[in-house]
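Peer 1: Residue numbers (my numbering), protein chains in the order written: chain C, 1 to 408; chain F, 1 to 228.
You may find that some hints are simply not true.
Only pairs whose alpha carbons sit at most 20 Å apart, straight line, appear in this in silico SDA-like list of lysine to any residue [unchecked claim]:
no. : chain 1 : residue 1 : chain 2 : residue 2
1   : F       : K76       : C       : G310
2   : C       : K5        : F       : L101
3   : C       : K5        : F       : P99
4   : C       : K5        : F       : E105
5   : C       : K5        : F       : K76
6   : C       : K397      : F       : K76
7   : C       : K397      : F       : L83
8   : F       : K77       : C       : H297
9   : C       : K5        : F       : D82
10  : C       : K162      : C       : E198
11  : C       : K214      : C       : L165
12  : F       : K76       : F       : P99
13  : C       : K397      : F       : H59
Worth flagging that the hints you see were computed from the coordinates, not collected in a lab.
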Amino acid sequence: MDSLKLLAPLAWRNLWRNPRRTLITLIVVTIGLWSILVLSSFMTGWMQSSRDASLRLLIAQGQIHAEGYLDDPNIDNLMPMPDATLKAALDSPAISNWVARLELPAVAQSEYKTLPVTLLGVDPDAERRISSVPEKVVEGRYLNDADDDSAIIGLNLAKRLKTALGRRIILMVTDADGALAERSFDVVGLFDADVGFEDTYVFTGRNALQAMTKLESKIAQIAFEIPEEQDLAPTLASLRAAAPGLDVREWRKLSLLLGALDASMAVTVYIWLAVMMVMVSIGIINTQLMAVFERIHEFGLLRALGLKPGHVLALITLESMLLIGLGVLIGMLAAVLTILGLQGGIDLSAFAKALEAFQSGDTIYMQFLPMDYVIFPLAVWGIGVVVALWPAWRAQKISPVEAMRQAT
Amino acid sequence: MKPIVSCKGVTKIFGKGELAVHALRGIDLDIMEGDFATLAGPSGSGKTTLLNMIGALDHPTGGDVLIDAAPLKGMKKAELSDLRLHKIGFIFQAYNLVPVLSARENVEFVLRLLRIDPAKRRRRADAALAEVGLTGMEHRRPSALSGGQQQRVAIARALVARPRIVLADEPTANLDSGTTAELVDLMFKLNKESGVTFLIGTHDPRVIGHSKRHIEMIDGQIDSDTRS
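With the hints as extra help, turn the sequences into a complete structure.
Peer 2: Below you can see the structure in the form of structure tokens.
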């Protein structure tokens, strides 16, 4: 403590002996930390937007299937509508919405082309609460009710089938008897999503599809929505308890791509942290080496006066701690101000086409992540101080007479 | 009187082989309590090297230096730092003040290292500055002081911790004759009134003229050691 009282004022004043050099180091540290924090906020915002958009489309936060359905989604791996126990669990306050869907592999045929699709029998009222597909209908209308035997298809599928709103397509599926069931459907709506989704899914009323396939009361999936992400694990547990023979999965296990993107976001931020740290470290080592060698005579003098080698090490380390600490504080402040300034969202509509693949929407909302303001500043500060130990160690090692001789 | 400093066969060789320079060639010397001694000799005679050995700033190649009968040989760096702090005051040719500290802070610095409490520290630093005639200049940084004033601060710093001996290496080399005379009078007065022991490496006849003991060095050896 005594040493700190002795050295801290000296260290602080030493920082300002060469204000230009100190400012350059401050700028390097500030920009480094600012970019890490802002990137992390942006990536999190982007990922969240992308994830929310993807989950809102169809997946939701989790789904329930019959065992084996996800490995082999055929007619033999369907399940009945939820029983009273499962329904009670699905109606619990932790789950905001849920839907039951019949999903079958099918073939869509127009006058010109035949294409494989996934046919989804849905309950439109429930879908409006959980899925964004009804809002994505850009031509025509969405389904009226579960008995509606019309078809909603994607814009790109319509293009590929060379069909259009108001025309008819034939959908073929395997029915409960294993025979081929086919029927013509009026195309009453076209939806606009990403191309892959548009090409894959065709929607019709669930009751209508069950009737067509003689699969009354059979469904392929229950999708459920949870307002709070932190409730996911306990909710999954309670659903598993309510439906012991069924396969209950969270979204990360349903969409491996989304799960991987979620994990890779953190990796991206840490890679940027590493790149920034290398740059900041080079700047700090350079500055501190210059600062040390310029003052080598002075360190010799201080040693002659009775300062111990450890004190010299502490003095230079303290200078680094103060300098990097100040840069870290300014970097944090700059990042907070940047994020506050961008609270209205970053408009990326100019890149809408490119962003479609990520389903992130045109506006990215920066996320304020309190833990980032603990972890990253401490990392920058800690690593910066550690790399500055080398010049400090060199300074304390030199003998006083050597130091004084070098500069005279 | 006991010797404060004893040099026993001190040698110092810089470099190796054909490039070896014998800076000190077996110095035997005692500096007694209360001495006001000057160490003179031509450039390269070994004055500064000997002062560095006595000041525990450098290690002899052979022999040993004893301060208050304690041999320096075998002491660790931190122990040598403690010894310098408690027993030796330094005055250098180039003043060597810490530029970011004021005159008072420069003087107080040594007292801070000695962990003397702030009030006492302030009193002693101001008294030392008053003794060298710098009252009213306590807040000035070295850059705002003349060469003579800076050297006075250096003297105050060297004396404030009440060392056993003050080692001064060419303390007047950068000063004009008026300032030199004032400083020499000051050091002499401190020696006479406070009994501070001085060993001064110098060429300056005005300094040598005040000394009570004069040591002449040639080629790393003591050529003469006379008391007046």
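Peer 1: All hints are to be evaluated individually against the structure, with a verdict given for each.
Peer 2: Verification of the hints:
{"no.": "1", "hint": "F:K76 - C:G310", "verdict": "holds, 13 Å"}
{"no.": "2", "hint": "C:K5 - F:L101", "verdict": "holds, 14 Å"}
{"no.": "3", "hint": "C:K5 - F:P99", "verdict": "holds, 18 Å"}
{"no.": "4", "hint": "C:K5 - F:E105", "verdict": "holds, 13 Å"}
{"no.": "5", "hint": "C:K5 - F:K76", "verdict": "violated, 25 Å"}
{"no.": "6", "hint": "C:K397 - F:K76", "verdict": "holds, 13 Å"}
{"no.": "7", "hint": "C:K397 - F:L83", "verdict": "holds, 18 Å"}
{"no.": "8", "hint": "F:K77 - C:H297", "verdict": "holds, 18 Å"}
{"no.": "9", "hint": "C:K5 - F:D82", "verdict": "holds, 19 Å"}
{"no.": "10", "hint": "C:K162 - C:E198", "verdict": "holds, 14 Å"}
{"no.": "11", "hint": "C:K214 - C:L165", "verdict": "violated, 28 Å"}
{"no.": "12", "hint": "F:K76 - F:P99", "verdict": "violated, 29 Å"}
{"no.": "13", "hint": "C:K397 - F:H59", "verdict": "holds, 15 Å"}
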